[in-house]
Amino acid sequence: MKFQTKIILAILPIVTLAIIGLGGWSFFKARESIYQHNFHYMSLLLKETITNHLERRLNLLEQSKMNTVDFFIKDYQREALDAVMAEHGKDIGHFFILDKNAQVILSTQNHDPLVLSTHWKNVLNEASASPGRVQGYLIDSVYHHLYVGTHFEPWNWQVFYIIEDKIINESIFHIFWGMIVTMAICAFGAVLTILLISKKILVEPILILTESASLIANQQPIQSIAVDSNDELGRLARSMEAMSKKLQQNHEELKQVNQELEQENRLHRQTADRLESLLHTLPGITFVLDADGRHLEILTTEHDLLYAEIQKLKGQLVRDVMPEDAAEMIMSVILKTVETGQNQTVEYQLEVPAGKNWFEGRTTLLEYPIHDKKTIIWIAQDITKRKQLEEQLLQSQKMESLGIMAGGIAHEFNNNLGSIQGLTELLQMELTENKDAMRYLESIYQSTERGVELVKQILTYSRTSVLELNPVFIAPAIKEALKMMRFTIPARIEIRQNIDQNCPPILGNTTQIHQIIVNLCTNAYHAMQEGGGVLEVSLQKIDYSQELRAAGFSDKFQEGCLHLMVKDTGMGISHRDQERLFDPFFTTKEAGKGTGLGLSVVHGIVESHQGLIRVESAVGQGATFHLYFPVIKKKPAASAEANPAKSGNEHVFIVDNDANLVMFYKEALARLGYQTTVFTDGQKALDAFKADPDQFDIVFTALDMPKMTGMQLSRKVLEIKRDIPIILATGLNDDVSEKELEPQGIHHFIVKPVKLVILTEIIRQAMK
-5 MKFQTKIILA
5 ILPIVTLAII
15 GLGGWSFFKA
25 RESIYQHNFH
35 YMSLLLKETI
45 TNHLERRLNL
55 LEQSKMNTVD
65 FFIKDYQREA
75 LDAVMAEHGK
85 DIGHFFILDK
95 NAQVILSTQN
105 HDPLVLSTHW
115 KNVLNEASAS
125 PGRVQGYLID
135 SVYHHLYVGT
145 HFEPWNWQVF
155 YIIEDKIINE
165 SIFHIFWGMI
175 VTMAICAFGA
185 VLTILLISKK
195 ILVEPILILT
205 ESASLIANQQ
215 PIQSIAVDSN
225 DELGRLARSM
235 EAMSKKLQQN
245 HEELKQVNQE
255 LEQENRLHRQ
265 TADRLESLLH
275 TLPGITFVLD
285 ADGRHLEILT
295 TEHDLLYAEI
305 QKLKGQLVRD
315 VMPEDAAEMI
325 MSVILKTVET
335 GQNQTVEYQL
345 EVPAGKNWFE
355 GRTTLLEYPI
365 HDKKTIIWIA
375 QDITKRKQLE
385 EQLLQSQKME
395 SLGIMAGGIA
405 HEFNNNLGSI
415 QGLTELLQME
425 LTENKDAMRY
435 LESIYQSTER
445 GVELVKQILT
455 YSRTSVLELN
465 PVFIAPAIKE
475 ALKMMRFTIP
485 ARIEIRQNID
495 QNCPPILGNT
505 TQIHQIIVNL
515 CTNAYHAMQE
525 GGGVLEVSLQ
535 KIDYSQELRA
545 AGFSDKFQEG
555 CLHLMVKDTG
565 MGISHRDQER
575 LFDPFFTTKE
585 AGKGTGLGLS
595 VVHGIVESHQ
605 GLIRVESAVG
615 QGATFHLYFP
625 VIKKKPAASA
635 EANPAKSGNE
645 HVFIVDNDAN
655 LVMFYKEALA
665 RLGYQTTVFT
675 DGQKALDAFK
685 ADPDQFDIVF
695 TALDMPKMTG
705 MQLSRKVLEI
715 KRDIPIILAT
725 GLNDDVSEKE
735 LEPQGIHHFI
745 VKPVKLVILT
755 EIIRQAMK
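According to the working numbering, the sequence shown holds residues -5 to 762 in order.
Among the hints, a few may not be true.
[Stated by the list, open to error] Straight-line C-alpha distance at most 30 Å; calculated BS3-like pairs for lysine-lysine:
hint, residue 1, residue 2
1, 350, 330
2, 640, 660
3, 660, 678
4, 715, 628
5, 68, 41
6, 306, 379
7, 701, 749
8, 629, 550
If you're looking for bench data, these hints aren't it; they were derived computationally from the structure.
All chains should be built: construct the whole structure from the sequences, respecting the hints.
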């Protein structure tokens, strides 16, 4: 749109409004004058009609003194109405008269009297408000008439004179169009005048300035602008000339600055890219939070499993999205960081889609606030694996400490068991004729045997040495374990057993099989602790078949396998927990009610027996453990203990710090014909040996003794008498073998407690 057109469009409305305003004012004044003129004319005509016809008839009545006779009054009234009707033909309007009941008694218009009566009741009320006076003209909104009215009080009539509005509007219409034509002519003249003036004064200089501005915008220098006026446009032209020169100068400077900025921006982009790459490779999640706990920014790699969930936190308060306890902890750390300005470190646990994870939060106060609020950086790193490792390490350290303690206790316990076993053997030698006493002693002996086996197992775990596996029948061990469990499991839990006593042997250890039954039955008891239930244990032989091969059983099961099943009707195990069921230290029990080692021990024992273990369970449907052990053809060897202890006449030098064991060895060997010299102190024993080494034929010493150990004593004895046989015994399951002791001259190493029959067998072998 041209500039000149814009000027016209800008000024023309003002001019038009002024003309319209002036014309409108003139029009309304003329219209008002027409109405006033007609109003006065109608008022005079109405007054003249009332005077000539109504008042004249009333005066005649009064003069004839007939104004009290109803007949003459009505007659004169009718005569007056006829006179008004006759008068109507001389004027352009109409007369209209209502009586005191607002009924039309005269109308020179051709309208229904009933309709007119209804309409003019309102008009009557308005006119009667000021009887005898007419104040201005009125326009009827229904019939569009201009009318005046008055109240003729003697007869209580309301008289109106009416002129149709369109008659008056004809005069107004002529005035209106005259005004329109006049305003149009004025507007056209104003536009023409504006065009001529603006072109010379404004448009031509502005076109020159526009062209110059375009040259300046295209960085083309200009020397002068052809606008010679001294007004604002002239000053603008001079300013543009100066600006062109300055812009040229600034352009050169900016060109140099832009080159420098581009270099800096390139370096900044490289730095930003490195920082962004670094942020996305940082472990954990970075939160920007204000002092109110609102998440302002969240930085994390899009590969993070929690990325989608974490981004939803942006803009939200910690208290609105976190559990109450976690929110309180986080807010306390935020406030402490804000108040002290010191970095804080805290560990906390949160529920995430993967489960309950541990996080380490580190906070730092930002130097500059955001939105006028102090702001901190919270870096959260998932430390779940580390916590698990720490927990496992702690448990491992506990188990190591327990193992060390168990080893020391087992050593002492072994000595006590050895004493009990030895003294029991001595009593059996004394009471061979007393069958009842022999039966009781046999029970004591068997109990100590079980204690010895348990101690061996404790020592095996505490020293992590391999337990020797031998061909064994496991059915008796299972029956014995169930018999023991019956005393520890409440009567509300029914124990059902189906143990095949004719099952073939496996390569195993009865103590560990006993351990399996105890652990699985204990877990089953805990699963049914509240409501009771049924515990079912069965042992059956399964022949090798294509089904077993398809199920994953290897060729080591060619001879078949023993299927041990332990089933309960308890709460069951979820599929998720079954995946970690045999992990060390994993437990679903409450804190303080389980270590998470029971099933891992069972799993380890089954694997050490070359077996398989499987679990069938569902929540609320109990659990069934299936254990499979490969059977062997080899039968268990007959125990050496079935043979009687062997007699002899050698002189045995015995050293042990346990006085009860020393007494047993001394008396038991003496009954078999051996000579004995006993000591409970290693140093005193060495002094006695030095005094007369040739009187001793063999040395039997404990390894673990105070002051001087059995190994130290053995070395010194061998220095004195090189060829004397030495039997070394220990109550601990130390990682010491006979092959390691042979270079030191010690050829026999046994584990306490030592039974008499085994001791005499070793003495006989050593003396060969």
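These are the hints, each one checked on the structure:
no., hint, verdict
1, 350 with 330, "26 Å, holds"
2, 640 with 660, "15 Å, holds"
3, 660 with 678, "17 Å, holds"
4, 715 with 628, "44 Å, violated"
5, 68 with 41, "22 Å, holds"
6, 306 with 379, "26 Å, holds"
7, 701 with 749, "26 Å, holds"
8, 629 with 550, "17 Å, holds"
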